[in-house]
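Residue numbers (our numbering), protein chains in the order written: chain A, 8 to 611; chain B, 8 to 611.
Rather than coming from a laboratory, the hints here were simulated on the basis of the structure. One should not assume that every hint holds.
No copy is singled out in the list; a pair is fine if it fits within one copy or between any two copies.
Stated by the list, open to error - Mimicking DSS-like on lysine-lysine, the simulated pairs with C-alpha atoms at most 30 Å apart in a straight line are: (1) K558 x K290; (2) K201 x K256; (3) K154 x K457; (4) K554 x K290; (5) K256 x K558; (6) K382 x K554; (7) K457 x K510; (8) K579 x K382; (9) K402 x K558.
In this text, all values refer to a predicted model and were calculated from it rather than measured experimentally.
These are the residues of each chain, in order.
Number of protein chains: 2
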Amino acid sequence: MFGIGSDDSNPSFECSAPCNNLGFLQKNNNLEEKISSFKERSSKDLLDNSDRDSRFRRTETDFSNLFARGNWPSYVHYGKYRPINQNDKHCVGILIMFVLLNLKTKNENIDMLQFFTLDLLPAKNGEEPTMQFLLEVVDILTNYVRKTFDRSTKVLDFHHPHQLLEGMEGFNLELSDQPESLEQILVDCRDTLKYGVRTGHPRFFNQLSTGLDIIGLAGEWLTSTANTNMFTYEIAPVFVLMEQLTLKKMREIIGWPDGEGDGIFSPGGAISNMYSVMTARYKFFPEVKTKGMTAAPRLVLFTSEHSHYSIKKASAALGFGTENLILLSTDERTHIHSDGLCLQGCVPMFVNATAGSTVYGAFDPIHEIADICEKYNMWLHVDGAWGGGLLMSRKHRHKLRGVERANSVTWNPHKMMGVPLQCSAILVRERGVLSGCNSMCAGYLFQPDKQYDVSYDTGDKAIQCGRHVDIFKFWLMWKAKGTIGFEHHIDKCLDLSHYLYTKIRDREGYQMVFEGEPQHTNVCFWYLPPGIRDMPDGQERRDRLHKVAPKIKALMMESGTTMVGYQPQGDKVNFFRMVISNPAATRSDIDFLTDEIERLGHDL
Amino acid sequence: MFGIGSDDSNPSFECSAPCNNLGFLQKNNNLEEKISSFKERSSKDLLDNSDRDSRFRRTETDFSNLFARGNWPSYVHYGKYRPINQNDKHCVGILIMFVLLNLKTKNENIDMLQFFTLDLLPAKNGEEPTMQFLLEVVDILTNYVRKTFDRSTKVLDFHHPHQLLEGMEGFNLELSDQPESLEQILVDCRDTLKYGVRTGHPRFFNQLSTGLDIIGLAGEWLTSTANTNMFTYEIAPVFVLMEQLTLKKMREIIGWPDGEGDGIFSPGGAISNMYSVMTARYKFFPEVKTKGMTAAPRLVLFTSEHSHYSIKKASAALGFGTENLILLSTDERTHIHSDGLCLQGCVPMFVNATAGSTVYGAFDPIHEIADICEKYNMWLHVDGAWGGGLLMSRKHRHKLRGVERANSVTWNPHKMMGVPLQCSAILVRERGVLSGCNSMCAGYLFQPDKQYDVSYDTGDKAIQCGRHVDIFKFWLMWKAKGTIGFEHHIDKCLDLSHYLYTKIRDREGYQMVFEGEPQHTNVCFWYLPPGIRDMPDGQERRDRLHKVAPKIKALMMESGTTMVGYQPQGDKVNFFRMVISNPAATRSDIDFLTDEIERLGHDL
């Protein structure tokens, strides 16, 4: 089959490029009602390579005959024939001509068959369909962005797993052997967004990471276009330097002298916390790296009972064992009772102080804990995954007082600072210990004889090899907002949670989970439907109340109006945990939430 | 201060929305030479919310007065005054009117000040600037994409770290307190791409992950727009199901009956390999999770000496110690000598068989190793981070013969399958062991009383908490190419490496690093400049040859024409490792590479 058919299937002919009228039809199946809104480009423009004239406009493209097969000649159909029509005959003629030419010249370097493709890049002639396809995708995405901020749009269109698996209005999740047309790919993109959750919606309060920052989004689009890897300066020079400068800035904000120290962006707070435990172990017992945990005495880690479960995950994964992680009791706002840190019969090595606990948003007293750490020569880690952002606010940073005494800090800009997922940093006060802990000096990546200063290569600090570029969106947001912009964002979110707190603290039907003003944006409360309010305290009331939040949440999701989290905690039955990190949220959205809780929960 | 001033700085006035002619000037500082190529939208269109009419066209927007401050009223300048001009006076009038109205109504819920902002979403009136800004970014990105595939474009524009840090033509990497204008942000985006490396360029051969797949790129753009988290079905329903179906498909391709088993996408092959070691340990010694490594006997891991260094990183991190990782000797093509696996005086627990080694692209004999694993009851992991993609090819999958006997498999679609970074899967044959190993049952995320089937929540399988959505781009590519499209891509890359191998194996000035046809696309060779060719074998010749590849590489990077990796290995001095995973590469690019090596290396 003209030098192609290494497969056994039957090829047929398809040709678009020489018969361009086939490829760009006026009729546009699924897209036909759309109003064309981009000026048509002349084909002369298309051939112009200069920067200025190179702008593509979306035209009405028929994607139903286009496939994304890269260099795969598009006339080859695996396993099926397509009847040859009038236009094809013309192409077949040209094809035969080229095959004869090919036989004559025997020039293997000219893949003449590509002449016939009308396919995405890197295919020959792939530029126009590529640009049209990407602009079509961007149209879908910008439309999604626009609607995300529109309060008349639902937060989600809920379906159960089995419903989505069965296929919603033709949305087929199954993968197949044969390619789909680009038209179907665009439909798949629309459907994917349609059945997803709008985490940037002003009324989405379900997670610590909410919002859709436009600059951050642009940063992510660029990051994926650059499609590179953080492990060496060689292939990510700009991003590596941005990471270095940003980490230094963060260390300065923590309060380490001259921003000295080390750090790295990792895939989330749990991994950052894991880094802290590993780094501490290397600092005190470097022989564990080579000889394993049996070379060290019994090591004990401490954290508060309300700290994030990733500390427990780290103690299991790294070979400490969860039983050697001591959970310290806390008061209602999860302040560690720091006298609990003194323990007999083991080697206390590491204390995690939480700055902004996941459920209550509480801050452990870092100074008190630091005193004990100094006394017993323990590593102090501050898990500021959630609360670290408050360091950007002159008004709220006092809640992390003492953080400069930490040996390491986790800080997730993807939470309180509104950076798109993922963006988490582990910052270490002492230089060298992070590399010491993780370096394996792989020769094929970290050649010492490169022409540049290889101390900029970051890969040997990481437990990963390849590492996603998480820095650019954050750097770009910092540029666009300034430090002061982050401060404003954080102050505004805390103002909003204060508004919610003062609104419901004495309101009928609400009961706060802990006393006093929340320290972070976490506002934890029970909503009591009228039927429960007058019930005597006891098991029956608790049982009924336990079911209220899940029911309201289910109704919320089914109506798609808003989303907020709930959970039990210790002996406390299910309660709502409201968190605000979305800059799109306003007081009216807070009011909407309470109205909705009351509307949905009134008759429970 | 009209109810704003929680800061101490002096505000001045800036107003754009009511004086729209200010915001969208014809003159366009840095952009002024650009030829407007999008039809101007009428303001009537702008107000239309329907799907069909909502398309925005790029217009010539003046971004120099636009800032990305979200809900931060744009007339507030921190710390500096701006003189009030004619147009502002009009605005000031309206402002005063609204303030008076505000004082009168005392309605705190109406943030009337936002009326004056011309800022990105979520700001009021932010829709138009947001769309214009995003389209401007897309213009930068599509231009970059277009040029990436253009062979007349350089692969990179190399600069040393200190040069970039000093600021290239005004490209300032430093972060500051004050915001930058959107115009500057766009310049920053252009500069970031300008000084980066085009990993999708047809002549970029430097890493195992190369190429820029257009569908994958679109998938990443959508992923970042959706900006959600894989931990629960609740907030990532579609992505969670896509992951589940795709992992099942991968397990089917591995050959596990009915695609049964478990798995998860992780942040890279190193973490996937780490999962395999953790999971194996949990399978054989579940008590380690709670009691730590001291509860188990001395556990030993095995891998070939040429395996990826992440196995060593995992043994250090997880508390085994690198000395308890036994490196098995291999032949030149790094086949494990499987008789070396039998060891005395320890508990052998885990063997890693490499399917596609990083440098040589060699495949360990899985069946032989599986026999030994069965005999000694050891966990068999196959690290197919690089070679796993060959499973998609009927022609090449035999190289992983026996993979169905593995207990776990690492397989990185972001390498040989051309999926954008990051996309790595760890697949486990036995169901339940991955969750058992990692679950901590965090109440605030994985509530058992949700309204949907919570077995779809994935978070408790992971060592991460939040997890980036890596699945969508891969799923979308699979849809667009079909299984058969991946097969074609892989066959084509292996054909190209065969072309290179046959071209240079007997060519003057080249020497192959190992005998015989490469198994993967890795072609390892020395280039010998004429001055070295006739030197007698010995230390001097070795010393000189050792410096050849780094010098050629440095010259390549400085001229920016192409990039290929080099490294020493064992007692072998620096040699080139050519790898092909980029679907854009053709024979002419291979020819270009050898020409370039000869051109740059001739006089060394």
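Legend entry - Hints the structure fails to honour: Going through the list in order, the structure violates hints 1, 4, 5, 6, 8 and 9 and respects the others.
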